[in-house]
Structure formats: C-alpha cells, structure tokens
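Hints in hand, dock the two standalone chains.
What follows is each chain in one-letter form.
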Amino acid sequence: MKTRSIARVDIKNEYVIKGIHLEGLRKVGNPKDLIQKYYKEGIKEIMIMDCVASLYGRNSLFDFLKEISNECFVPITIGGGLKTINDVEFALHSGADKVYINSELVRNPSVISEIIKMYGSQVLVAGIDAKKISESNWKVLIESGREETGLDALDWVAKLCEFGVGEIAITSIDSEGCKNGFDIELINKVSQISSVPIIVSGGCGNLTHIKDLIEKTYVEGVAFASVLHYNILNISDINKELE
Amino acid sequence: MKKNIGVIDYGLGNILSICGALEYLGYNVIFSNDRSSLNKCETIILPGVGAFPKGINNLKKIGMDNYLRDELSERKLIGICLGMQLLFSKSYEFGEHDGLGLIEGDVKSFKNLIDERVPNIGWRKLINHNYKIEKNTKFYFVHSFYVCPNNPNYISASSKFHNKTFTAAIKKDNMYGFQFHPEKSGEIGLEFLKSTIDN
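So the sequence lines, in the order shown, correspond to chains A and B.
Numbered according to this note's numbering, the first sequence spans residues 1 to 243.
Numbered according to this note's numbering, the second sequence spans residues 1 to 199.
Hints are computed from structural coordinates only; laboratory data are not their basis.
Hints are not guaranteed to be accurate.
[Claimed, not checked] What follows is a list of derived Cβ distance ranges for each label pair:
1. E215(A) x G95(B): 37 to 47 Å
2. G95(B) x S110(A): 19 to 29 Å
3. E135(A) x I62(B): 34 to 44 Å
4. Y131(B) x K40(A): 22 to 32 Å
All C-beta atoms in this analysis are idealised placements derived from N, C-alpha and C, irrespective of residue type, glycine included.
Chain B on its own, in the form it takes in the complex (with noise of 0.2 Å):
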C-alpha cells in the first residue's frame, strides 16, 4: 500500500521535481490545497521557490495557512526552501512580512551578513548533524535569505556560505524544515528526503 504524501499546491515551487521525486520513491503523490484530500496524508510537504512576500500571500488566499496551524499536530510537516522559511515568525524579504509564525524566529538576507555574491547556489556540506549519512555529502542549496531560529535546540543541522554557519535544517516535533532541495540533491538526496518520511 503506497503512502500518501501531500504536496500543498499554492502557486509556487518546482512542482514537477518534487512530485517527480517523491513517485520515484514510490509514494502516492497528492497534489492539492483541499483539506480533505490532504487529510489523507501523513505527510505534508510545503515546497517553494521564490519570493517571501508572494509565498505568505498566496497560502492565505486559499485558507492553507490556518490549515498548516490547525493540522500541525495530526500529521508530519516538511517544509522545503522557501517552505521552510515560512514556517518562521517573520521575513526580511522585500520589506517585512510575517509568516507562519509556527517557528519562533526571523528570516535574514546574505546580503546583510557578508558581501559576496548572492544567492549561495552550489553543493554545499552539512554540519553540526546526526543524520546517517557520509561526512562530504553535500545538498544542493539555492537562496538568498536564511532562517535564525530562536531556540537553537530546533537545529537539525547548519551549513556554510563564504565561512559563515547558517542554519540549513530545523526540526520542530513533527515539523521539519530544510533549506537545501533534497529533491535536487541528486541520489543521496532521494534518499535522505525518504528517510526523512519514513522514520
């Protein structure tokens, strides 16, 4: 019996690469912004690429930013790059925004921090984890702004762009947050995404 996987479907994100990855893995892909079809799921992904602004604005438009508050509790949550960061309190982004606000913290740009070139697009190494996987496995990384969660605790795991540690993943209860795309990761990606489902 194939798992049911939810992918919240508001307008933005890669959508055919996630969906893709997750069929490839051998779940049952649902795509939608329907509560009840999303209900059918254990897992709920909240991809994204793009702008905070547009991301926070178009979840409320279609009621799927209460559904993420309400449904935190019933089911498992991963929040994917810009997925991630609007789990967060609020953003930096064009101007300030508030965001999910289901992790306490702000969301930043590199350009404030150093002056290099931005976004950080490349293969970057994790650091400061526990996930089973070998030391020089990188992730595919593809932003300009990072997450500062305030409880250091909700770490799962950082990263670095021109010597600076940020963090690159969050874990909150049944909440995970990563700001890498693991389904871009290549193989290792894949597998680190259903790992991430599965355990």
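Isolated chain A, as found in the complex (with noise of 0.2 Å):
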C-alpha cells in the first residue's frame, strides 16, 4: 500500500510559521499563497494548525477556509486549540474535511465519542506529540509540549483507538524542526498497536530520510513541514518516494 504526502502549514496570526522541538516562530510565509502552492505542485493532503487559536471566534475561519476549500480540491484538515463538539462543527461548516485534536482528548476523552457519533470516526485524527524519555520510552506532552500528561505514547495510542478516533498523526517531540530523519523506532512501535491509519510527522530534511521510512515502516501519511516552507525538497520527488 502506498502513503500519502501531506503538508502541515501552522499559522499564527496571517503568517505561517515554523519551529524546532514545537518551539520558536519563525514566520515564512503567508498561509493562503503557501497552500495553493502546495496544492497545484500536487500535495495529498493539508493540515493547518491554528498556533494560536487565532482564526476561531472571528469568522476569518469561515473565510480563511472557504477561500481554500474553493481552491484546493484535496482533503484538509484544520486543528489547534479545537476543544469541544461546537469547534468540531464551525471547522467542518467551515470547509475542513477532518479535524485535529490533541491536547484536548487527554484532559476530555468523553469528547471522542460526541464527534465520532455525530460525525463519524473519520472526521478526527488525534494528534500526539511524543518526547523519548528513555530506550523504547515515549512520554505525551500537550499543549506544544509544554505540559506533562504522565502518559505513555503507546499506551495512548491504544486507547485512543479503543475510544474510536479515526486517525493518529504522531509527532516526534525530539526530531520535530530538526530534519535529521524521522524518529523510526518510535513509528514502528506505534505501527504495531494502532489499529487506525497512522500520519506520521516530524523530522525529514531530504529524500533518504523518506526512503528510509518507507524501507523500515509502513504508514498510511506523511506529514511534511521544513522541508517545503524552506523549498528544501520539492513535492514531487516526495511523492514518487511515498508512492
């Protein structure tokens, strides 16, 4: 089976941004020209990240994502800060066709089901930003990795799919920014457990990198950041490797 490229835009305020270990703004570009970009040189999917819930409670959501969804005919998924059934509902009114929650599914898992039962499983991918604490150890931090959950990374994993979510985007903490490769271990320990389709994000700067995941894993996405807002690789030297 093949995987899919995804580009992973985090906008704060009209830019996007950038950072290392989910530290650090650097801006690099402007979000609307950085998708259509991505789009028309073939991207699979997108994923914006709303760094600072900034788009939601002004209705330049609405707006932001009318605008993309009118121009990028592949499927988008929006995240940051989404906490209850209502956020899930003005983001998929808005023109997402999935959404991102991370921090929220540990301090409220009863929120899984509400979405899951009225949306169904496919419109939530749960995000985990897991940080090595030890050989074949993960812990989860939430909210960009500043606060400690106590969780294991795997033993989340699991239950996140027992509760239902439709997806997993696991973020490597410690490769995150640093384009150094992907954190491999960690993807195939949570390719063992998950029993729903898995993203994998953080840590490519260059095609071997890519290779070398496909090689020694399988995941159904990969979510790319670095190396396309600094047109470090191009997206279509990333596919023919995805696919």
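Written out as structure tokens, the structure is:
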C-alpha cells in the first residue's frame, strides 16, 4: 500500500510559522499562498494548525477555509485549540474535512465519542506529541510540548484506538524541525499497536529520510513542514518516494 | 446557460467541498431537499460522509428516500462515498440497516475482510474500468465499509485495499456511484466528476 504526502502548515495570525521541537516562531510565508502552491505542486492533503487559536472566535476561519476549499480540492484537516463538539462543527462547516485534536483528548477523552457519533470516526485525527524519555519509552506532552501528562505514548495510542478515533497523527518532539530524520523506532512501535491509520510528522530533512521511513515502516501518511516551507524538497520528488 | 446540479441536503457530508467543486466546474448548484428545487436539475448528487444508519434515517426523515426512488428515471443520480453506499439494499454498519434498495447488494466492513488498519484512507488507483484516464491516476478514498453489488455488471471500477479487490464505482442505468471522492482528488478528480456529469 502506498503512503500519501501531507503539507503541515502552522499558522500564527496571518503568517505561516515554523518551529523546532514545537518551539520558536519563524515566519515563513503567507498561508494562502503556500497552501495553494503546495496544492498545485501535487500535495495529497493539507493540515492547517492554528497555533494561537487565532482563527477561531472571529469569522476569519470560515472565510479562510472557504477560500482554501474553493481552490484546493484535496482533503483539508484543521487543528489547534479545538475543544468542543461546537468547535468541530464550526470547523467542518467552514470547509474542513477532518479535525485534528491533541491536548483536549487527554484532558477530556469523552469528547471523542461525542464527535464520532455525530460525524463518524474518519473526521477525527488524534494528535500525539511524543518525547523520548529512555530506551523504547516515550511520554505524551500536550499544549505544544509545554505540559506533562504522565501518559506513556504507546499506551495512549492504544487507548485512542479503543475510543474510536479515525487516525493517529504522531509527532516526535525530538525530531520535529531538526531535519535529521524520523524516529523510526517510535513509528514502528506505534505501527504495531495502532488499529487505525497513522500519520507521521516530524524530522524529514531529505529524500533519504523518506526512503528510510518507507523501507522500515508502513504508515498511511507523512506530514512535511520544514522541507516544504524552506524549499528543501519538492513535492513531486516526495510523492515519488511515497508512492 | 449553466447546468443545474442538485446536491441533496440531508445533514451529512462536507457540503462546501462538493458544492465548491461543482461551482468551480461552472455548474449552478442547487443545494436542497425540496422536490421542486431539485426537479430543476438534470443531475442530482447524493454526497455523504459519516455513518450509514444516520444517513438513511436523515434521508427518510425528510422524504428524500422516496424522492430518490421516484425520480430516478427522470434524472442522473451520482452517489459519492456514503451516498453510493446508501443506494444499496443493506449495510452492516452499527447493526443491520436497510438502504434505498436501488442496487441489490450489501455494504460490508473491511474489518471482516482483512486484519489491517481501517479505514482505507489514501489515494488509490482504479482497476478493471473503461474510464479515459491515465493508468496511474489515483483518487482519494476514506472509508471503512465497501459495497458488494450482487450483479457484477454494475461494477464500473474496482480498487485494492491491501491486495483485496473491492468495488470502487458502480453504474446502473442513469445511476452512478463512487466510493472515492472525486471532489477531493485534485484536478483529475474534478475532470472526472465533470465528465460523469456531462456525458
């Protein structure tokens, strides 16, 4: 089975930003321009992360998503500070196909069944930010890596699958933004446990990293940020490796 | 003169995507569950994302199940994803539920077919079809259930999920169904949708 490419676009106010280890805010461009560029270049999916929940509460989210979804005909996932069924409804009615929720699933896992009963499990991408603490052990952090949870990442993957989420999006905090390759061990462990499709995020720096990932693991999607925003790789080369 | 395309409003589906795609293609979209509005359209789309029981119940609540059965011979009907599944006799999602019964056959779970991560989510090629598309064209799929038409003549395309072949598209008279989302499959998907509507 083949894997799909996903552009991860983190937005703060009107800029796309990029960090390292989930921190640091370097402005890299205009969100709409970058998203359109990636779509035209053949990206298979777009993940928009609103880093300061700045798009919500104003109707700018609706306008922003509506514009994007009128021009980019690939699946769009939106995330960043989503908490309630109302947030989800708002996101979906604004043009998102899926919602990415991370911190709130830890704080309030009962929201999962509310969401999937209403919209089906395929709408919910459960995000996990994992940090390595020792050999074959990763912990879950929330709030963009700022808050401890006491959860073991692999246990949390299993729990989320039990709760009925549609996909697991796993980000290695250690690899994220470093362009030094994916955390293959983490991905394989998640792969063994998850009964739902996996999206991997964090670490890509070159095509060899992707080749390595494909050779050693099977995941359904890979999200790219740095390599796209800094023009390190082009999308058709990425797609060739994944497909 | 723009062609009128009806999109059934029954509370499910990513409506902005399908309506946006149709408008982008130059059609006049009538998003409705009112018979007289939909009757202005030569082609009707039944979209759908979510669970089968909710889908069929929502259609029944607003009488759109009867509308689709009554009006079938008068116009072209295109079912997308859950919309295609609803056309069938019965689904096994969350129990056993009757569908519209417009195509004989059941809707079954991948979980009973193979032991792999479900849903099938990603871009897949089509096989065993006569579409005028390039061999390696891929379309976006996201589904946990697949249709099994009793009559193989209604299968217009198949695809594979971990080496298991399943029905990806159907055609019966003027009724079309696609398990994949042409409105989410990039420019190729849009062209495909357009050629289905226009031909």
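Do the hints match the structure? See the list:
{"no.": "1", "hint": "E215(A) x G95(B): 37 to 47 Å", "verdict": "42 Å, holds"}
{"no.": "2", "hint": "G95(B) x S110(A): 19 to 29 Å", "verdict": "23 Å, holds"}
{"no.": "3", "hint": "E135(A) x I62(B): 34 to 44 Å", "verdict": "58 Å, violated"}
{"no.": "4", "hint": "Y131(B) x K40(A): 22 to 32 Å", "verdict": "24 Å, holds"}
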